[in-house]
Amino acid sequence: MNGLTQPHNLPGRLIVVEGIDGSGKSTQLQLAMRYLQARGFTTFFTEWNSAELVKAVTKKGKKKQTLTPLTFSTLHATDFAHRLVHNMLPPLKAGMIVLSDRYAYTAFARDVVRGVDREWVRRVYNFAPRPDLALYFNVPIEVSVQRLLAGRAQLKEYEAGMDLHLASDKVSSFKIFQGRILKEYEGIVNEYGLTEIDASQSIGAQQQIVRGLIDKMLDSYIPQAQETVA
Amino acid sequence: MNEIRYVSHKMPYFPDGPCTGKLIVIEGTDGCGRSTQAEMLRQWLEVQGYGVTDTGWTRSKLVGQAITDLKQGHSLHRLTYCLMYATDLADRMEYQILPALRSGFIVLADRYIYTAIARGIARGAGEEWLHDLFGFAVVPDLVFYLRLGVEDLVPRVIEAGKMNYWESGMDMNYGDDIYDSFVAYQGELIAQFDRMAQRDRFVTLDARQDPDVIQKQLRRTVGQYLQSQPQTAVAG
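Protein sequences, first through last, are from chains A and B.
First residue of the first sequence? That's 405 in this note's numbering, and the numbers climb one at a time after it.
First residue of the second sequence? That's 2 in this note's numbering, and the numbers climb one at a time after it.
Just so you know, not all the hints are guaranteed correct.
Residues from chain A that keep clear of chain B, each with C-beta distances beyond 12 Å, as calculated [stated by the list, open to error]:
id, residue
1, D483
2, I545
3, R615
Straight line, CA to CA, 27 Å or less: simulated DSSO-like cross-link-like pairs of lysine-lysine [what the hints assert, rightly or not]:
id, chain 1, residue 1, chain 2, residue 2
4, A, K468, A, K620
5, A, K587, B, K11
6, A, K467, B, K163
7, B, K11, A, K468
No lab work stands behind these hints: they were computed from the structure.
Just so we're clear, the structure is a prediction, and the values are computed from it rather than from any experiment.
From the three backbone atoms N, C-alpha and C, an ideal C-beta is built for every residue, glycine too.
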């Protein structure tokens, strides 16, 4: 029994974006949120690794480099659980639209590459409801590296997977690490039926596809909050 | 040589190879005299010449303090509660328990996954999920359960002034006031321990007995077990 394979019965809708760093998924989600708001829907945004509850611990562990693949994984699951309970489930129960930048699939890809058991991490996230729309932004490594380095001077330690000792410099390590994550995502896309989007296209072209998918998904959606007001 | 066995999911990067140490667990509700017994057992084992390291909940460097802090704020949901405890054990597993077992120590755990599972169930988490979550844990070689019924537990805990918010399961609204809640919550924990004790063949000891009598029983069982194991048998 797995929550991610069963449709949820909540009145709201859950949209999630997935992809490696530099895939442009966050940009696409922001634009999708603007679109939904312009259409008059109430939206809620949440992102990976952002709960105050665990942030301090993760930060401390990263700084002291004492996080192991396993504690890295359980801490991210704690963060996810906290945000699910506090930021996602209430708006979903109230019939609103929740937008999540990364979801359980990020753990299935990243944590497994870091070394945790593939089946174990899926079972740990058993409590996660299945998204109504899960978009996977597929991008070649070279493109993502260029995007990231254009936006900021340096790659982050854990983002480049430096803790795995794959290469001595961050760019080489990033390429190997994200390449492995990309491979995991390929399996996840099929396993959980994520909708794949070619993220090497222009921002506008991708957003057009995203909005088309959102429109289709919203066919069956009745915004409860608005109904009760009217 | 023994291989280390895991509850259900060995992490692929966890080391393989022989394990010469032993994991001995003492379980039981608060107020059953667990910590005193563990300390006495440790001293006795050391006198016998065994290397002993002890461990217990919220003692991890990573999240031990964080859990204590979070419990002040009452903001823990059952999912985050269980996941924080899993992080605490994972950290201790990798930095303390596994290295000690591999180098031949006896690891004495003052409470283990069974406490976390019982508390999780009492808070409404699914048992299967809890087993999966703690699937990375090492299977203990011996589990002692110091059993105390609610009727014997209540006066002890009141006397010690330890009837607090969390030990009473007040976060779950088990009862109207802290006393009613304590009785209902601890009753549920005991029911879970009883069930696991039977299923996983814990050595159940009657915690109403005199502490010296309990310690004698612990030592006899531990001594016999260690003598029966080639790695830990003491000659002569």
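Hint-by-hint comparison with the structure:
1. Look at A/D483: its CB is around 9 Å from the nearest CB on chain B, not clear of 12 Å, so calling it non-interface is violated.
2. Consistency note on A/I545: stated as away from chain B, and its beta-carbon is indeed over 12 Å from all of that chain's, at 24 Å minimum.
3. The Cβ of A/R615 sits about 33 Å from the closest Cβ of chain B, beyond the 12 Å cut-off, so the non-interface label holds.
4. Our distance criterion of 27 Å between C-alpha atoms is broken by A/K468 and A/K620, whose separation comes to about 47 Å.
5. A C-alpha spacing of about 22 Å is found between A/K587 and B/K11, which places the hinted pair at or below 27 Å, so the restraint holds.
6. Taking the CA atoms of A/K467 and B/K163, the gap is near 36 Å; set against the 27 Å cutoff, the hint is violated.
7. Only pairs whose Cα atoms come within 27 Å are accepted, and B/K11 paired with A/K468 is accepted, the gap being roughly 25 Å.
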